[in-house]
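These are the residues of each chain, in order.
Number of protein chains: 2
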Amino acid sequence: MTGFSLVVVSNRGPFTLVDGPDGRVEFRPAAGGVAPSLTAALGEESATSGSAALWVAAAMTEADRVHASGVAVATGQDSLKLRMVSVTTEIGRAAIDVIANGTLWFLHHGLFDHARRPRFDRVWHEAWGGYRLFNEAFADTIAEEAATGATVVVNDYHLALVGGYLAKRRPDLKTAFFSHTPFCSADDLAMMPDGPRLELMESMSGFGACGFHTLRWRDAFVRCTSAVGVEAPATFVAPLGADPARLDEVAGTAACRSRLARLEEELDGRTLLVRSDRVELSKNLIRGFLAFDELLESSAQWRGRLVFLARVYSSRESLPEYLAYRTEVQHVVARVNQRWGAPGYTPVVLDLEDDFAGTVAALRRYDMLLVNPVRDGLNLVAMEGPAVNERDGVVVLSREAGAHDELADVAIGINPFDVTGTAAAMARGLSMSRAEREDRAAELRRRARSRTPADWLAELRRVAKVPADGDMGTWSRPDL
Amino acid sequence: MTGFSLVVVSNRGPFTLVDGPDGRVEFRPAAGGVAPSLTAALGEESATSGSAALWVAAAMTEADRVHASGVAVATGQDSLKLRMVSVTTEIGRAAIDVIANGTLWFLHHGLFDHARRPRFDRVWHEAWGGYRLFNEAFADTIAEEAATGATVVVNDYHLALVGGYLAKRRPDLKTAFFSHTPFCSADDLAMMPDGPRLELMESMSGFGACGFHTLRWRDAFVRCTSAVGVEAPATFVAPLGADPARLDEVAGTAACRSRLARLEEELDGRTLLVRSDRVELSKNLIRGFLAFDELLESSAQWRGRLVFLARVYSSRESLPEYLAYRTEVQHVVARVNQRWGAPGYTPVVLDLEDDFAGTVAALRRYDMLLVNPVRDGLNLVAMEGPAVNERDGVVVLSREAGAHDELADVAIGINPFDVTGTAAAMARGLSMSRAEREDRAAELRRRARSRTPADWLAELRRVAKVPADGDMGTWSRPDL
Numbered sequence: 001m002t003g004f005s006l007v008v009v010s011n012r013g014p015f016t017l018v019d020g021p022d023g024r025v026e027f028r029p030a031a032g033g034v035a036p037s038l039t040a041a042l043g044e045e046s047a048t049s050g051s052a053a054l055w056v057a058a059a060m061t062e063a064d065r066v067h068a069s070g071v072a073v074a075t076g077q078d079s080l081k082l083r084m085v086s087v088t089t090e091i092g093r094a095a096i097d098v099i100a101n102g103t104l105w106f107l108h109h110g111l112f113d114h115a116r117r118p119r120f121d122r123v124w125h126e127a128w129g130g131y132r133l134f135n136e137a138f139a140d141t142i143a144e145e146a147a148t149g150a151t152v153v154v155n156d157y158h159l160a161l162v163g164g165y166l167a168k169r170r171p172d173l174k175t176a177f178f179s180h181t182p183f184c185s186a187d188d189l190a191m192m193p194d195g196p197r198l199e200l201m202e203s204m205s206g207f208g209a210c211g212f213h214t215l216r217w218r219d220a221f222v223r224c225t226s227a228v229g230v231e232a233p234a235t236f237v238a239p240l241g242a243d244p245a246r247l248d249e250v251a252g253t254a255a256c257r258s259r260l261a262r263l264e265e266e267l268d269g270r271t272l273l274v275r276s277d278r279v280e281l282s283k284n285l286i287r288g289f290l291a292f293d294e295l296l297e298s299s300a301q302w303r304g305r306l307v308f309l310a311r312v313y314s315s316r317e318s319l320p321e322y323l324a325y326r327t328e329v330q331h332v333v334a335r336v337n338q339r340w341g342a343p344g345y346t347p348v349v350l351d352l353e354d355d356f357a358g359t360v361a362a363l364r365r366y367d368m369l370l371v372n373p374v375r376d377g378l379n380l381v382a383m384e385g386p387a388v389n390e391r392d393g394v395v396v397l398s399r400e401a402g403a404h405d406e407l408a409d410v411a412i413g414i415n416p417f418d419v420t421g422t423a424a425a426m427a428r429g430l431s432m433s434r435a436e437r438e439d440r441a442a443e444l445r446r447r448a449r450s451r452t453p454a455d456w457l458a459e460l461r462r463v464a465k466v467p468a469d470g471d472m473g474t475w476s477r478p479d480l
Numbered sequence: 001m002t003g004f005s006l007v008v009v010s011n012r013g014p015f016t017l018v019d020g021p022d023g024r025v026e027f028r029p030a031a032g033g034v035a036p037s038l039t040a041a042l043g044e045e046s047a048t049s050g051s052a053a054l055w056v057a058a059a060m061t062e063a064d065r066v067h068a069s070g071v072a073v074a075t076g077q078d079s080l081k082l083r084m085v086s087v088t089t090e091i092g093r094a095a096i097d098v099i100a101n102g103t104l105w106f107l108h109h110g111l112f113d114h115a116r117r118p119r120f121d122r123v124w125h126e127a128w129g130g131y132r133l134f135n136e137a138f139a140d141t142i143a144e145e146a147a148t149g150a151t152v153v154v155n156d157y158h159l160a161l162v163g164g165y166l167a168k169r170r171p172d173l174k175t176a177f178f179s180h181t182p183f184c185s186a187d188d189l190a191m192m193p194d195g196p197r198l199e200l201m202e203s204m205s206g207f208g209a210c211g212f213h214t215l216r217w218r219d220a221f222v223r224c225t226s227a228v229g230v231e232a233p234a235t236f237v238a239p240l241g242a243d244p245a246r247l248d249e250v251a252g253t254a255a256c257r258s259r260l261a262r263l264e265e266e267l268d269g270r271t272l273l274v275r276s277d278r279v280e281l282s283k284n285l286i287r288g289f290l291a292f293d294e295l296l297e298s299s300a301q302w303r304g305r306l307v308f309l310a311r312v313y314s315s316r317e318s319l320p321e322y323l324a325y326r327t328e329v330q331h332v333v334a335r336v337n338q339r340w341g342a343p344g345y346t347p348v349v350l351d352l353e354d355d356f357a358g359t360v361a362a363l364r365r366y367d368m369l370l371v372n373p374v375r376d377g378l379n380l381v382a383m384e385g386p387a388v389n390e391r392d393g394v395v396v397l398s399r400e401a402g403a404h405d406e407l408a409d410v411a412i413g414i415n416p417f418d419v420t421g422t423a424a425a426m427a428r429g430l431s432m433s434r435a436e437r438e439d440r441a442a443e444l445r446r447r448a449r450s451r452t453p454a455d456w457l458a459e460l461r462r463v464a465k466v467p468a469d470g471d472m473g474t475w476s477r478p479d480l
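Chains as they are written, first to last, in this note's numbering: chain A, 1 to 480; chain B, 1 to 480.
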């Protein structure tokens, strides 16, 4: 069987197609996430192997649907082709908004307000049917395109059922699933309706191997399989690192240099605290601002002297929870600024612009970086910051982030729910001796640059395997 | 040392004192909870042993403070004296509203909306100091009143620190703590600030023994002790049963008979679904009404034929979360009634009156009882219902309630988060054959009446023991 010997799969792809003004199709690179780094890594890989890889992703634009679904298209990068999976708007919304982002994301990050959510009602049960169809469409596409014995790397919770479907269609393929998120506890998994819960765990066990950023999420996954009586597949832990080559490249651009110069001018010699996150419930923005407020209250010397630059860009605004959260964030920032602001001094600067050059400029310049999620698979910012920071900046890091596993002894660890504790950790970071800051920053930098996305991809290729010959269950095809 | 040989301790006592119109102090019995049953059980106990027991509780009224703090008073029941612990309003609010009901209750029931709560800020850390003082005041009172080698039974999360204080003051006492709530997972406990978390677990380990309604909460507690590196005390499982004698007595009153007659008249031969709960986030009222809505949608034969009598009485309205929840509950009920109501037919009847005679009347009459908490230590209604029901009623019971452990095979178990699943379980209950209903109801009744509060108290006396000679830690006395 001809076809691709390496297939990378994710909901959002590395490029989106757009119909250009001259009638030609343009490839617009994805803004964030790991796609840009992985694209580069795939380039290196393919250059070595001499064969192109395929990326399979969901069609997002009309041009995606017209030009890239049903056929693999060249991307302008010799080594990488792209194929889009197109489903109806109804199925896409059910699969992504209701199930993936509206349920599984909340479940794995422990974000449900249990008195009210989750609510597995008729609408939800129908949406589960859409999630199946979405996953099945991906499995069909992969089955069509993959060469005999090819390696397939599937990313994240949007596509958790692909393992089961693919094991039936193409048992010859070496597959690996990688979860960039945490994995829920068995107690939390028990909230899911019985049928979908079992289907989810059996389908994930249909992959040859399932991987996570830390042992903690791996162990949670294994406990969930045994809680529903499913035999776990092979599992592995493979944390991503920052992408030093790409970061250095961006740091060297005129855009980044000019952003940095403007930032220096605005700071006017003040000390800089930075955070960089999506406006996302798990990122714990509100408590971060409240901790900053307590810091200024308890440490008068920092009033007027410390600026909190919060780069927070909007996200998932099709879900009402995110719109409400953004409003709350803006209110708390307004309160803090009203309380501590003065002529020429804005304590918290909310920067909503989602440009990577601006992010890298802020990361180069920070004196302290705050990364305080309530739960996080890894948190790449905690790696990217130290990789490019030029001021021996301190990192204040939530112990609930996967990255804490690797950085516990060089960052200042915090309990993200403890506002007062977070303020105390920041005060400690700001008063740290020059020598200690330098020592810690050097070690943070070394660890953050020690692994590249290419290393990660090589590891995924190494551990992918043909699924065990388990019982994949038989799921009825729902109407939608 | 003279003093009481049995001391029962809880935040709310069995009686509240009120200054009567003729200048005499009146004892007003507590409305709900286990206090009435335990009071009766104490009567039996003391009649046997020939000595009076002491109940120590928090002063709630001005008369409590004036007449019963600082001295044990007779209650009008020969066998029971009462002593009230009086603290300042500020300490009381900090201990009960902020820490006990606002934090520990939420923690043990998994009710936090993690993106926003808990928020361990300066106000919270100060309130923790109030919680200490509250617990210490109880320990002082117990230490004053208990005879050498006496048995002390402490109830619930309001008083979790009493164990540590008492072990230092009176290591001769046999103590048992009993938690009527669930106990949180080690993951959830990790949200608490480090100091208070350790203090909580060390203090609980200062009791001679800690008890729970089910193995599940016991195991969670033991895992929490080992997560913080504390040696667990002796533990035990001792589920409460209903109080058949008291239920039968109430059932025989004129008040209950007249309530039942009025209910029959209103029902006019319709089938009756009942629930009876505080308006409490853990009780899952909203999903219960949504499930009823789905039931009427999918089973047209029940429209106009099935009435849902929801006895829900208000609770903890000093916490804003509870006021908001009540409003949401009223909205969803209004929607369901608007959708399915007809002249002469109100599908959901919200009965907010908190009278036990009315509750017993509803429990005698139900055809189906819905008990669907998202998490519950035991849920006494699931026991009281079958103990007095006269119509071979079906019980639809959350698998997250402690009572499910004992009733799993005779109730219809549900996942409380699964609205559609709950509707399906109710449909199944309504269509169950007469023979199956009778068999199940007989067994439900047998189990519900198999243990009395007196049995429970005897068990507590049996397992109470002198605490192990562990290190209780040294907690600084905070200013408040």
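Just so you know, these hints were derived from the structure itself, not from any lab.
Where is the CB? At the ideal position from N, CA and C, for every residue including glycine.
There may be inaccurate statements among the hints.
Short, incomplete list of chain A residues facing chain B, as computed with Cβ under 7 Å [claimed, not checked]:
| id | residue |
| --- | --- |
| 1 | Arg24 |
| 2 | Glu26 |
| 3 | Leu111 |
| 4 | His114 |
| 5 | Ala115 |
| 6 | Pro118 |
| 7 | Asp121 |
| 8 | Asp187 |
| 9 | Glu294 |
| 10 | Asn337 |
| 11 | Val374 |
| 12 | Asp418 |
| 13 | Val419 |
| 14 | Thr420 |
Verification of the supplied hints:
Checking A:Arg24 against chain B by beta carbon gives a least distance of about 44 Å; that is not within 7 Å, so the hint is violated. A least Cβ separation of about 38 Å between A:Glu26 and chain B goes past the 7 Å threshold, and the interface hint is therefore violated. A least Cβ separation of about 6 Å between A:Leu111 and chain B falls short of the 7 Å threshold, and the interface hint therefore holds. With its C-beta approaching chain B no nearer than about 5 Å, A:His114 sits inside the 7 Å limit, and its interface hint holds.
For the restraint placing A:Ala115 at the interface with chain B, the shortest Cβ-Cβ distance is roughly 4 Å, inside the 7 Å limit, so the hint holds. Because the closest C-beta pair between A:Pro118 and chain B is about 5 Å apart, less than 7 Å, the hint holds. Checking A:Asp121 against chain B: minimum C-beta separation of about 4 Å stays under 7 Å; hint holds. For the restraint placing A:Asp187 at the interface with chain B, the shortest Cβ-Cβ distance is roughly 6 Å, inside the 7 Å limit, so the hint holds.
A cut of 7 Å between beta carbons decides the hint on A:Glu294: the least distance to chain B is about 6 Å, and the hint holds. A cut of 7 Å between beta carbons decides the hint on A:Asn337: the least distance to chain B is about 18 Å, and the hint is violated. The beta carbon of A:Val374 is positioned within 7 Å of a beta carbon in chain B (closest approach about 5 Å), and the interface hint is therefore held. Residue-level restraint check for A:Asp418 holds (minimum Cβ-Cβ distance to chain B is 4 Å; threshold 7 Å).
Checking A:Val419 against chain B by beta carbon gives a least distance of about 4 Å; that is within 7 Å, so the hint holds. Annotation: A:Thr420 was flagged as interfacial toward chain B, and the flag holds, the nearest CB pair being 5 Å apart, inside 7 Å.
Checked against the numbered hints given earlier, this structure breaks hints 1, 2 and 10; the rest are met.
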